[in-house]
Amino acid sequence: MLKQKLQDVLNEPACATNQAKTTQDRRKGCSAKALVPGAAAGGCAFDGAKVALQPIADAAHLVHGPIACEGNSWDSRHAASSGPQLYRTGLTTDLQELDIIHGGEKKLFRAIGDVIARFDPPAVFVYQTCVPALIGDDLVKVCALAAARFDKPVIPVNAPGFVGTKNLGNKLGGEALLDYVIGTREPQHTTPYDINVLGEYNVAGELWQITPLFERLGIRLLASITGDGRYHDVCCAHRARVNMMVCSQALINLARKMEERWDIPYFEGSFYGIGDTSSALRTIAEMLVARGAPAELLARTDALIAQEEAEAWSRLVQYRPALAGKRVLLYTGGVKSWSVISALQEMGMIVIGTSVRKSTDSDKQRARELLGPDAQLFDQIPAREMYRMLEAGEADILISGGRTQFTALKARVPWLDINQERHHAYAGYDGMVEMVRQIHRELTNPIWSQIRAPAPWEGQE
Amino acid sequence: MAAIIDHPRKAVAINPLKTSAPLGAALAFLGLDACQPLFHGSQGCTAFALVLMVRHFREAIPLQTTAMTEISTILGGADHVEQAIGTIHQRAKPRIIGLCTTGLTETRGEDMAGDLKLMKARHPEWQDISVVFAPTPDYIGGLQEGWAIAVTAMITSLVPEGPATPAGCAPAVRDQINVLAGSHLTPGDLEALREIIESFGLTPIILPDLSGSLDGHVPGRYIPHTLGGTRLEEIRAMGRSIHTLAIGDHMRAAAEALAQRTGVPFTLFDHLTGLAANDRLVTLLSEVSGRTAPPLLRRRRSQLVDAMLDGHFYFAGQRVAIAAEPDLLLALSEFLTGLGCTLSTAVTSAPSPVLNRIPTNRLIIGDLDDLEREATGCGLLITHAQGAEIAKRMGIPLFRAGFPLFDRLGAAHRITVGYRGSRDLIFEIGNIFMDHRAEHAPGHHQRHQEDDDEYSIGSQAAAG
Chain G
0 MLKQKLQDVL NEPACATNQA KTTQDRRKGC SAKALVPGAA AGGCAFDGAK VALQPIADAA
60 HLVHGPIACE GNSWDSRHAA SSGPQLYRTG LTTDLQELDI IHGGEKKLFR AIGDVIARFD
120 PPAVFVYQTC VPALIGDDLV KVCALAAARF DKPVIPVNAP GFVGTKNLGN KLGGEALLDY
180 VIGTREPQHT TPYDINVLGE YNVAGELWQI TPLFERLGIR LLASITGDGR YHDVCCAHRA
240 RVNMMVCSQA LINLARKMEE RWDIPYFEGS FYGIGDTSSA LRTIAEMLVA RGAPAELLAR
300 TDALIAQEEA EAWSRLVQYR PALAGKRVLL YTGGVKSWSV ISALQEMGMI VIGTSVRKST
360 DSDKQRAREL LGPDAQLFDQ IPAREMYRML EAGEADILIS GGRTQFTALK ARVPWLDINQ
420 ERHHAYAGYD GMVEMVRQIH RELTNPIWSQ IRAPAPWEGQ E
Chain L
0 MAAIIDHPRK AVAINPLKTS APLGAALAFL GLDACQPLFH GSQGCTAFAL VLMVRHFREA
60 IPLQTTAMTE ISTILGGADH VEQAIGTIHQ RAKPRIIGLC TTGLTETRGE DMAGDLKLMK
120 ARHPEWQDIS VVFAPTPDYI GGLQEGWAIA VTAMITSLVP EGPATPAGCA PAVRDQINVL
180 AGSHLTPGDL EALREIIESF GLTPIILPDL SGSLDGHVPG RYIPHTLGGT RLEEIRAMGR
240 SIHTLAIGDH MRAAAEALAQ RTGVPFTLFD HLTGLAANDR LVTLLSEVSG RTAPPLLRRR
300 RSQLVDAMLD GHFYFAGQRV AIAAEPDLLL ALSEFLTGLG CTLSTAVTSA PSPVLNRIPT
360 NRLIIGDLDD LEREATGCGL LITHAQGAEI AKRMGIPLFR AGFPLFDRLG AAHRITVGYR
420 GSRDLIFEIG NIFMDHRAEH APGHHQRHQE DDDEYSIGSQ AAAG
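Top to bottom, those sequences are chains G and L. Per numbering that gives the first Met the number 0, the first sequence runs over residues 0 to 460. Per numbering that gives the first Met the number 0, the second sequence runs over residues 0 to 463.
Think of the hints as simulated: they come from the structure by calculation, not from any bench. Misleading hints may appear alongside valid ones.
Only part of the chain L face toward chain G is listed, based on derived beta-carbon distances under 8 Å [as the list claims (entries may be wrong)]:
hint, residue
1, Ala59
2, Thr64
3, Ala77
4, Ala83
5, Thr86
6, Tyr138
7, Ile139
8, Ser156
9, Ile389
Beyond 12 Å from chain L on every Cβ pair, some chain G residues (computed) [to be verified]:
hint, residue
10, Ala59
11, Glu295
12, Ala298
13, Arg299
14, Arg367
15, Glu433
Straight-line Cα separation of at most 20 Å, SDA-like style, residue types lysine to any residue; simulated pairs [stated by the list, open to error]:
hint, chain 1, residue 1, chain 2, residue 2
16, L, Lys9, G, Lys2
17, L, Lys9, G, His101
18, G, Lys409, L, Leu408
19, L, Lys9, G, Asp113
20, L, Lys391, L, Asn430
21, L, Lys9, G, Arg76
22, G, Lys409, L, Lys9
23, G, Lys2, G, Asp119
24, G, Lys105, G, Ala143
25, G, Lys140, G, Gly112
26, L, Lys391, G, Asp113
Yeah, the Cβ is synthetic: ideal placement off N, Cα and C, and Gly gets one too.
Between the sequences and the hints, there should be enough to build the whole structure, so can you do that?
Okay, structure coming up:
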């Protein structure tokens, strides 16, 4: 059954990367670029499934496996909740040697019972991992039995780490929502302004930089999937008029299948960058109107965009003198490879290159258009080469994720976190101003001149 | 002494205390110079451990994966191991690869030692690389146990067999001493310990030595593997030392293995925190070196004694709850009860021979949820960073100890060994107690819970 699911997910017709492949490559799945033992990096499918689902804040998230899977990772992301904190509780069956010899199904069943008795959550998500998958624990069946016994939704998330990458795990998380959650409940009321946002995980509270804009337009976020999410809201997500897909690669299967099943049109957008935020809001308004919302929404949206954009640019002006002429190496992926470029350029900064890992062809095209022919589009920069570039002073600041943080810092070069471990929120108009403010802070910090000064004995010997 | 309560019937760990055994093994390998640890498992096994270590040390951590898939697991992963070693040999060029298995590959079951032998025969170009194999299934023990397995593996695969001083063999080096460092010691601890040993004119070989590799240095060039830590030549020379200090009961097996291979006698210390433990250390170092304690250490001892005199008022009668791995739990609980605290709640991660020496009536092998449920009414919580939310919920101050400490700067530099480290630990914890002293107010003079004193009264009577 998992095998069929994998085939289905790997052959996603709406995925641009997948469409571009030959039939033969498509059969190999997302990881056609096979992982090289000894030179691989990145999370597993279980990691991805948990990333996608754990932000559902009022649910319990139980990991069936030995200690490594949950013990080494629990509560490690900054997906924020405005209320319930149960999602941050680390729950695992912590399988021991004897459990593996005898099979872990009974322990899992008891664990589900214990979690329900202790926390009384609206639902329990149960994550499969490699070891119980290998010994044949029937996760789906145990969850079905537990759901019947305890009269509570118990959702199997069948994405053991060894089936593939984090990205595949995101999609398998989406499949679990389709199979067990969305459509299992009806909202108390609906409005012509109901939307879902898919693939926004509220890292550092970014969703809350967007929701006030929705509120001002009278747009109702029916379900956030899954940042600051609530289980029962996600159950009702099938009644939304429009789906906005924020992190396109992650939950495209979910968006497409919701369109198939419940006629909810979707679009791919981003809240990173001023222009992108505006175009996302405009698209939402247009799609809602096309589905029957009053047409006056369009004018109100345009007014809000004009006001917000003017305000954001006027707030940014103050940083321009200090930032103009500074060279940025942007090392991220997906939409972020281009969506923040225009704000940086507006500050007079020079983007010397951007990475286009995990980016679609249209992402690459847009980056190319923004940067002109001279800038470099990198795929992957090996750590050694990146250290050389930074050490040689080819960039004044590296904007990237935690993985390359120490490459920059050890080269004594300013660094800004733009990926999921960050503590600052960079979404929407306020977020872009915040990002520029943080870049300014980092570049103008007094430590740089101090630590680049030679040690007393240098030059003496 | 302690009544150990295991949770054999408990089906779910809530807010785990434990991290995994392969992570502990990787950490030990990071204490070797020019080393590249490698997990034989799915790429997620590596990613999770890597992220946690990066957050704790705030350093780039070299840790690779054999990137096992569902199919390669079922068919057997030897060729993934072979490919990984080949790739690492070619790209990072370390001198040592620390190969750790995981739950995934151990469940499948592979003859890794045999496979490695065959691989080496097939690859003469691997001559300049030593592969040390540590079998660390995720489903047995935690960080401390994995660390112990790795250190024993380093000794059995890298230290040549043969007695220390027979004719024909290189003679013992008169001032050379081995230190087998447990996982409860930080890079800062090891740096301090090295200084103490050197003050007796001795040269320590510390295995593993995180103070060389993970002390947060800026190397000035790009290095793909560890830089600093115990060098291969030092490990090979351990048989020529005159004595071995093993710190932490979980280093016992490694010390025995070393003694068996080389005949170097060893002395085991549970920990090096507090006056008594350090007096024992100084006595031993004096005997081994033939020198009396240097003036600096005498002065520091006096400072520790003074800190105990000044500080004990704030510790006396305090109820403390600790959740930590066995050897760290023993170190902290002996230290705190030695200043007059009561260990009212003790939670640990795995069975260990030291547990019956933990000075408490009640010991749970469990998780941070057990800590939260048992610690009501305590004056201080001690556990790793994942306890911060619990401490906040309970309104009890937290002293962070163990791994991971991702919400503190300088986790690697915290020192709790030696006279000076013990002195500073009194100040640090004593100040927490001082900050949280009950205000004088009407109703403050409540009747005290005398049953709390039951254990100490009982144990004093027994001692008397």
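Results for each hint:
no.: 1; hint: Ala59; result: holds (4 Å)
no.: 2; hint: Thr64; result: holds (5 Å)
no.: 3; hint: Ala77; result: violated (11 Å)
no.: 4; hint: Ala83; result: holds (3 Å)
no.: 5; hint: Thr86; result: holds (3 Å)
no.: 6; hint: Tyr138; result: holds (4 Å)
no.: 7; hint: Ile139; result: holds (6 Å)
no.: 8; hint: Ser156; result: violated (20 Å)
no.: 9; hint: Ile389; result: violated (10 Å)
no.: 10; hint: Ala59; result: violated (10 Å)
no.: 11; hint: Glu295; result: holds (46 Å)
no.: 12; hint: Ala298; result: holds (46 Å)
no.: 13; hint: Arg299; result: holds (42 Å)
no.: 14; hint: Arg367; result: holds (29 Å)
no.: 15; hint: Glu433; result: holds (22 Å)
no.: 16; hint: L:Lys9 x G:Lys2; result: violated (33 Å)
no.: 17; hint: L:Lys9 x G:His101; result: holds (16 Å)
no.: 18; hint: G:Lys409 x L:Leu408; result: holds (17 Å)
no.: 19; hint: L:Lys9 x G:Asp113; result: holds (9 Å)
no.: 20; hint: L:Lys391 x L:Asn430; result: holds (18 Å)
no.: 21; hint: L:Lys9 x G:Arg76; result: violated (27 Å)
no.: 22; hint: G:Lys409 x L:Lys9; result: violated (46 Å)
no.: 23; hint: G:Lys2 x G:Asp119; result: violated (33 Å)
no.: 24; hint: G:Lys105 x G:Ala143; result: holds (13 Å)
no.: 25; hint: G:Lys140 x G:Gly112; result: holds (15 Å)
no.: 26; hint: L:Lys391 x G:Asp113; result: violated (24 Å)
Hint compliance for this structure: hints 3, 8, 9, 10, 16, 21, 22, 23 and 26 are not met, and every other hint is.
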